[in-house]
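The listed protein sequences derive, respectively, from chains A and B.
The first sequence begins at 288 in my numbering and counts up by one.
The second sequence begins at 288 in my numbering and counts up by one.
Mixed in with the good hints there might be a few duds.
The list cannot tell twin chains apart, which means a pair is met if one copy fits it or any two copies do.
Said to hold, decoys possible - Listed below are the simulated EDC-like cross-link pairs for lysine to aspartate or glutamate, each with C-alpha atoms no more than 16 Å apart in a straight line:
#	residue 1	residue 2
1	K587	E620
2	K322	E361
3	K617	E636
4	K615	E639
5	K625	D334
Just so you know, these hints were derived from the structure itself, not from any lab.
2 protein chains.
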Amino acid sequence: MKESALKISKGVEQVSSLNPNLKTNVSKNKKNVLKVDEYVQGILKQDLLMLSKGITLVESNNHEHHLIASEIIEKLLPYTGNSIRIGITGVPGVGKSTFIEAFGEYIISKNKKLAVLAIDPTSQRSHGSILGDKTRMENLSKNPHAYIRPSPAGGSLGGVARKTRETTLLCEAAGFDTILIETVGVGQSETAVHSMVDFFLLLMLAGAGDELQGIKRGIMEMADMIAINKADGDNFHKATGAKSEYSAALHLFPPTASNWIPKVLTCSSTEATGIDQVWNHIEEYIQLTKENGYYTRNRKEQTRYWFREFLTEAIQDNFYAKPNRKEKAKSLEDRVVKGEITSLTAIRELMES
Amino acid sequence: MKESALKISKGVEQVSSLNPNLKTNVSKNKKNVLKVDEYVQGILKQDLLMLSKGITLVESNNHEHHLIASEIIEKLLPYTGNSIRIGITGVPGVGKSTFIEAFGEYIISKNKKLAVLAIDPTSQRSHGSILGDKTRMENLSKNPHAYIRPSPAGGSLGGVARKTRETTLLCEAAGFDTILIETVGVGQSETAVHSMVDFFLLLMLAGAGDELQGIKRGIMEMADMIAINKADGDNFHKATGAKSEYSAALHLFPPTASNWIPKVLTCSSTEATGIDQVWNHIEEYIQLTKENGYYTRNRKEQTRYWFREFLTEAIQDNFYAKPNRKEKAKSLEDRVVKGEITSLTAIRELMES
C-alpha cells in the first residue's frame with residue numbers, strides 16, 4: 288500500500304478508520320502478522336513497553352495502525368474483561384489527582400495491579416491534557432504496579448471513547464485488574480465514562496456553592512458513590528454536614544437498576560482517611576452486582592451500546608465522506624435554526640443531493 | 288404516482304418518509320397545492336377540524352401525506368413559536384390526567400388557549416394509548432378552548448418525537464398559546480420531551496417508596512419544578528414533609544443552565560389547591576428566561592438538536608434500506624456482545640458488505 292494513501296488528515300479519523308474505500312490487506316502481510324503476534328505476546332507477558340506501543344496504535348489516526356490495533360485486540364479478547372472498571376469524576380479543584388494518588392496506592396497495597404486512564408475530549412496533547420503531566424501523580428507514576436496513561440488527544444467524544452474502551456481491553460490483557468477512568472466532570476464525557484465502567488464515583492466538596500458550578504446536572508443521579516473530598520482540618524465538620532445532606536438527597540432518588548443504594552462518605556486524600564471505605568464499598572458493590580446478575584448484564588449492555596454508537600458514527604462518517612455534504616448539512620442546519628425551512632425539507636434536500 | 292408505491296409497511300416509517308428513492312412531485316401538482324393552501328388557511332383561521340386533519344397527515348406513515356404535511360408546516364412556520372411549551376411527566380398513578388384537567392381549566396380561566404399532546408412511543412393505538420381515551424379528561428375535552436390530541440401510535444422514539452414536534456407547530460399556528468406535552472415518565476421519552484419544551488414539570492407523590500419505582504434516574508435533575516400531587520386529606524402532612532425534603536435535595540443540585548432555581552410545591556388536583564402556584568411559577572420562569580436570553584437560546588438549541596437527531600436517523604435509515612443490512616448488523620452485534628469479535632471488525636465487515 289502506498290504511503291500517500293495512508294496519510295490521514297486531522298479531524299477525519301473516524302472516516303479514515305472505517306471507510307471501506309481505504310482497503311488494505313494487513314492480515315495477508317506476513318511481516319505485519321508477525322508484528323501483531325509480537326504485540327500480543329508482549330502484552331500477555333505484561334511487558335509495559337509493548338502495552339504502551341499497543342495503546343499508541345489504538346490512539347493513532349493512521350489507518351494501517353488501526354487495522355493492526357484491531358487485530359491485536361481481537362487476539363487478546365479472550366484475556367480481557369477481568370478487571371474492576373471504576374469511573375471517577377469531579378470538577379477541577381475537587382482534588383482528583385491527589386485522590387487518585389492516595390486511592391491508587393491503597394488499591395496497590397491490596398495486591399492489585401492498577402491502570403489509570405482518562406477521557407477528556409477537549410484536550411489537545413500539545414496543550415497538556417488531563418493526566419498529561421505525570422508529576423500530577425508523582426508517587427503513583429513511580430509505582431511499578433501502576434500504569435498511568437494520559438487522555439488520548441482531542442477529537443470527537445466517540446473517537447476518544449473508542450480509544451479508551453480499547454485501551455481498557457489492552458490493559459486487562461496485560462494483567463491490570465483495577466482500571467480507573469478519570470474524567471473532568473463538566474461535559475458529555477461523564478455519560479460516556481458511565482457507560483464503560485462497572486462503578487461510577489463522583490468526587491465533591493463540602494458546600495453547594497461555587498464548587499458545583501461546573502458539574503453537569505444529571506451526573507449526581509448516575510453516581511454509585513459520592514465521596515466528599517478534603518474532609519480534613521477546618522473543613523472536616525462542613526464535610527460531615529454535607530455527607531448527611533447528600534445522603535438524605537440520594538435517599539429521595541429512584542432505585543438504581545443494580546439494586547445498589549448509592550453511598551455518600553467523606554475522605555481526605557492528604558490525610559488518607561476514608562480511602563479504605565471507598566474501596567470497601569466498591570468491593571461490596573461488585574459482590575452484590577455479581578450475585579444479582581447486574582454486573583454481567585451491564586457489561587453486555589455496555590458492549591452493545593458502544594457497538595451501536597460506533598456503528599452509527601461509522602455510517603454517518605461514510606455518508607459525510609462524499610464531497611461537500613458536510614458543508615451542505617451545515618448550511619441547511621443554519622436555515623432550519625433560523626426558521627426558514629423545516630427539518631424535513633432540509634433533510635430531504637440533503638438526502639437527494 | 289402509483290398507489291402501490293405509496294404502500295408503506297409498518298416499522299419502516301422513517302425510511303419511507305425520508306428515502307430519496309421515493310420521489311414525488313407534489314409541489315407541481317395543482318390539486319395538491321390547493322389542498323395545502325386549504326389546510327394552511329383553515330389552520331390559520333383556527334378551524335379545529337382542519338387542524339386535526341393536518342395532524343393526521345403529520346402522523347401518517349404514507350409518504351405522500353408526509354410531503355403534504357411538510358409543505359403545510361413550511362407555510363405555517365412564520366406563525367409558529369408563540370406558545371409556552373410545558374412538559375409534564377410522572378409515573379402511572381401519580382394522577383397526571385386529573386392534574387392536567389385541573390391545571391388545564393385554570394390555564395383556560397386565564398384566557399389562554401390550551402393544547403394537550405402526549406408522547407408514548409410504546410403505545411399502540413389499538414390498545415389504547417395515553418390520552419387515547421378522552422373520558423380520562425372529560426371536562427377538559429368538552430371545553431372549547433382546549434384541544435386534546437392522543438399520542439401518535441407506536442414507532443421509534445424519533446418518529447414519535449418528530450410527529451409531536453410538528454403537531455406542536457400546527458397547534459401554535461392554530462392559535463394555541465399554551466401547549467402541554469405529557470409523557471409517562473418511565474422510559475426514554477422524558478429526555479425527548481425535555482428537549483422540546485420550555486419548562487419541564489415532574490409530578491410526584493409523597494413518600495420515596497414504591498411510588499418512585501418506575502421513574503428513571505436522571506429525570507429529577509431535569510425538572511424545573513416538582514409538584515407533589517394528591518396533597519389532600521390524610522395525605523396533606525406527608526406531602527408537606529416531602530416538599531421540604533425535595534426542596535433540600537434540589538438545593539444540592541448544580542445550578543441550571545437557565546439560572547432558574549427549580550421549585551418544589553404541593554398541589555391537589557381534586558381540591559384544586561396549589562394549581563395557581565404551579566402556573567405562577569411557570570410564568571416567573573418564562574419571564575426570567577426571556578429576560579436573560581435563555582428562552583430563545585434554548586429554543587434554537589432544541590431546533591438544532593432535533594434537526595441533527597432526525598438527520599442522523601435519516602442517514603441510518605438510508606443505510607439500512609439496502610437489503611439484508613439490518614439482519615447482518617444484528618448478527619454482527621450478537622457476535623460482538625458475545626466477545627467473539629471487536630466492534631471495529633464488525634463495523635468494517637458491515638461497511639464493506
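Going through the hints against the structure:
no., hint, in the structure
1, K587 with E620, "between (36 Å within a copy, 11 Å between copies)"
2, K322 with E361, "within (14 Å within a copy, 59 Å between copies)"
3, K617 with E636, "within (12 Å within a copy, 30 Å between copies)"
4, K615 with E639, "within (12 Å within a copy, 26 Å between copies)"
5, K625 with D334, "neither (56 Å within a copy, 28 Å between copies)"
This entry does not satisfy hint 5, going by the numbered hints stated previously; all others are met.
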